[in-house]
Amino acid sequence: MEQKTKVNAENGQQEILITREFDLPLELLFKAYEEPELIEQWMGTKVLKLESKKHGSYQFETSDGQGKVVFQANGVIHEFSPNKKIIRTFEMDNTPFGVQLEIYEFERLSDDTSKLNMRVIYESVTQRDQVLKLPFAQGINMAHNRIQDIVNKLK
Amino acid sequence: MNLRRDVFQAIADPTRRAILMLVASQAMTAGTIASNFDTARPTVSKHLQILTECELLKQEQNGREIYYHLNPNKMKEIADFIEPFRKMWDERFNKLETIMKKYKTK
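Residue numbers (the working numbering), protein chains in the order written: chain A, 1 to 155; chain B, 1 to 106.
For reference, chain A alone in the conformation it holds in the complex (with noise of 0.2 Å):
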């Protein structure tokens, strides 16, 4: 079967290319990354601050099930184009990951589907293939936060 999500990543170079079919209208799809609400249901990250408008800002912050903040990111927005393209940075906040630029394309396939083109670009070949690992740690401490939580749960 084909996957749905494909991520190149050549060699030595130091931006990733994420790109994924929808089964969502256009409309919908770009939706999903320009209200607030929404966005909280699909990151599950709190968002703090939107602005979807050019030199607009915004910020993420998620926290575990004991209020300690987890994760923190943030960004501004230089091109907002309804339906079609959205280019912003993103940075994680104390990480050594640096400033990312991100530039979506959101493309119309048919009346009911949808593609999302995703280039990401890092400050260094060697910051990019820092984040390509990076799941391999997050699945781990992801897996253990969980078991606490059930763990607090039954107490």
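Check before you lean on any hint, since a few could be wrong.
[Claimed, not checked] Okay, derived cross-link-like pairs now, EDC-like style, lysine to aspartate or glutamate, Cα gap no bigger than 16 Å in a straight line:
(1) K84/A / E21/A
(2) K101/B / D111/A
(3) K102/B / D112/A
(4) K115/A / E2/A
(5) K49/A / E91/A
(6) K95/B / E40/A
(7) K104/B / E37/A
(8) K49/A / E37/A
(9) K4/A / E97/B
(10) K102/B / E27/A
(11) K104/B / D111/A
(12) K101/B / E21/A
(13) K6/A / E83/B
(14) K104/B / D112/A
(15) K115/A / E27/A
(16) K95/B / E21/A
(17) K46/A / E35/A
(18) K102/B / E37/A
(19) K104/B / E35/A
(20) K84/A / E34/A
(21) K115/A / E97/B
(22) K76/B / D6/B
[Said to hold, decoys possible] Pairwise CB distance ranges (calculated):
(23) F8/B / D23/A: 30 to 40 Å
(24) E53/B / Q13/A: 40 to 50 Å
(25) Y103/B / S110/A: 35 to 45 Å
(26) S110/A / T32/B: 47 to 57 Å
(27) E61/A / R17/B: 35 to 45 Å
(28) R17/B / D93/A: 51 to 61 Å
(29) Q13/A / Q49/B: 19 to 29 Å
(30) A18/B / S124/A: 13 to 23 Å
(31) D112/A / R17/B: 24 to 34 Å
(32) A40/B / E34/A: 36 to 46 Å
(33) Q26/B / G44/A: 47 to 57 Å
Just so you know, the hints here were simulated from the structure itself, not pulled from any lab data.
Small disclaimer: the values here were computed from a predicted structure and weren't measured.
All C-beta atoms in this analysis are idealised placements derived from N, C-alpha and C, irrespective of residue type, glycine included.
Add chain B to chain A, keeping to what the hints say.
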């Protein structure tokens, strides 16, 4: 302590990537590999040593000569390292799709 080199560090170097491409077609001696590069022979030897240490290359004695082979299993490990990252995005996008389908029917 295990001081084995990082595979990703090994393939970050363009000469080492060229060596892997070269050896992918057929096993070669250090001399044959070095003759394909303008780089000094000791430099190529150092690259071969690094690639062997992180198991991307395997050595095989054939008579008097030592041949370098590509280790396909280790190469596969590199190809697979993107998979957890891809899965993370795939799950995230699946969630987006589910949420937006519900949103549509509201």
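The hints, checked one at a time:
1. K84/A / E21/A: holds (15 Å)
2. K101/B / D111/A: Satisfied, since the Cα-Cα distance of roughly 14 Å is no more than 16 Å.
3. K102/B / D112/A: holds (14 Å)
4. K115/A / E2/A: holds (15 Å)
5. K49/A / E91/A: Answer holds: K49/A to E91/A is near 14 Å, not above 16 Å.
6. K95/B / E40/A: holds (11 Å)
7. K104/B / E37/A: holds (15 Å)
8. K49/A / E37/A: Measuring from Cα to Cα gives roughly 11 Å; hence the hint holds.
9. K4/A / E97/B: Given pair K4/A, E97/B holds - Cα atoms ~12 Å apart, limit 16 Å.
10. K102/B / E27/A: Holds, because 14 Å separates the two Cα atoms, which is no more than 16 Å.
11. K104/B / D111/A: holds (14 Å)
12. K101/B / E21/A: Holds: K101/B and E21/A sit about 14 Å apart, inside 16 Å.
13. K6/A / E83/B: Roughly 10 Å separates the two Cα atoms, so the pair holds.
14. K104/B / D112/A: holds (11 Å)
15. K115/A / E27/A: Answer holds: K115/A to E27/A is near 11 Å, not above 16 Å.
16. K95/B / E21/A: Holds, because 13 Å separates the two Cα atoms, which is no more than 16 Å.
17. K46/A / E35/A: Distance of about 12 Å is within 16 Å: holds.
18. K102/B / E37/A: holds (14 Å)
19. K104/B / E35/A: holds (14 Å)
20. K84/A / E34/A: holds (12 Å)
21. K115/A / E97/B: holds (12 Å)
22. K76/B / D6/B: holds (15 Å)
23. F8/B / D23/A: 30 to 40 Å: Between F8/B and D23/A, where Cβ atoms are some 35 Å apart, the hint holds.
24. E53/B / Q13/A: 40 to 50 Å: Given a distance of about 25 Å, which is not inside 40 to 50 Å, the answer is violated.
25. Y103/B / S110/A: 35 to 45 Å: Because 19 Å falls outside the window, the suggested range is violated.
26. S110/A / T32/B: 47 to 57 Å: Taking Cβ atoms as reference, S110/A and T32/B lie about 54 Å apart, which means the hint holds.
27. E61/A / R17/B: 35 to 45 Å: Given a distance of about 40 Å, which is inside 35 to 45 Å, the answer is holds.
28. R17/B / D93/A: 51 to 61 Å: violated (34 Å)
29. Q13/A / Q49/B: 19 to 29 Å: holds (26 Å)
30. A18/B / S124/A: 13 to 23 Å: holds (21 Å)
31. D112/A / R17/B: 24 to 34 Å: violated (43 Å)
32. A40/B / E34/A: 36 to 46 Å: violated (57 Å)
33. Q26/B / G44/A: 47 to 57 Å: holds (50 Å)
When each numbered hint is compared with the structure, violations occur for hints 24, 25, 28, 31, 32.
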